[in-house]
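Take the given structure of chain A and dock chain B to it, following the hints.
Here the protein sequences line up with chains A and B, keeping their order. Just so we're aligned: 75 in our numbering is position 75 of the first sequence, and the numbers increase by one with no gaps anywhere. Just so we're aligned: 22 in our numbering is position 22 of the second sequence, and the numbers increase by one with no gaps anywhere.
Keep in mind that the hints were calculated from the coordinates and are not lab data. It is possible that some hints are incorrect.
Because identical chains cannot be distinguished in the list, a pair is counted as satisfied if it fits within a single copy or across any two copies.
For lysine to aspartate or glutamate, the following EDC-like pairs were computed, each having C-alpha atoms within a straight-line distance of at most 20 Å [what the hints assert, rightly or not]:
1. Lys62 with Glu99
2. Lys62 with Glu37
3. Lys62 with Glu111
4. Lys29 with Glu44
Protein chains: 2
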Amino acid sequence: MAVSLHHIVIDAHDLPRLARFWTQVLDWKILSEREREVVIGTAETAPVGICFMPTTDHKAVKNRVHLDLSPDPEDREREIERIIALGARRVEIGQTGGESWTVLADPEGNEFCVLRPKAMLIS
Amino acid sequence: MAVSLHHIVIDAHDLPRLARFWTQVLDWKILSEREREVVIGTAETAPVGICFMPTTDHKAVKNRVHLDLSPDPEDREREIERIIALGARRVEIGQTGGESWTVLADPEGNEFCVLRPKAMLIS
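One chain only, chain A, in its complex shape (with noise of 0.2 Å):
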């Protein structure tokens, strides 16, 4: 393959807390941390990271690319707490209440995505 997929890059304030927030999520590590880069992911050798780089930008509108989490089923509502309590906060974006997936955004408001096991199903 000429060119794959390396790291989702997210614009930062505070790159080591949403660095851990996002550590913390999804039980990934810290691979390595500099001032202006923090990557983190599974292992070193891990097929896709995610990069905190800083910005100056203030969050103006809802991102149009995010992330989409799935929990396994029987913890769903338990991992939505977790999550909120490590610092997320759900968000209406529109959401007509028949979606597949609940709307949480992390500290720094970046939208994402908690699948319920229909939406994990079919996709």
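Just chain B now, with coordinates in the frame of chain A:
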């Protein structure tokens, strides 16, 4: 693990077109295609796929979440030209020229980076 990264979701206006662009960039395939959701990945069992979902929002600001792609170092310039021929364009988002990446945008304006070997080595 109680929750895992399932999909990267990209809001899109023309789902089939954007999904096709990204399958061609990454040499991935379309795993499922419905009117309101197109999923691409390397295989059904791949750790992370990209899911395209519809939006009516117009792109207004630089995305806070983007993808970094790593090319084979010797193919980097050819890869950038190949990706541009598929429908990407070079964009200026305040680069100083000293970055270890080239910024492109997909056909709907979503920024992404093609790394230089230096960035691939240190991250």
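Quiz item: Going back to the hint list, which numbers does this structure go against?
Solution: none
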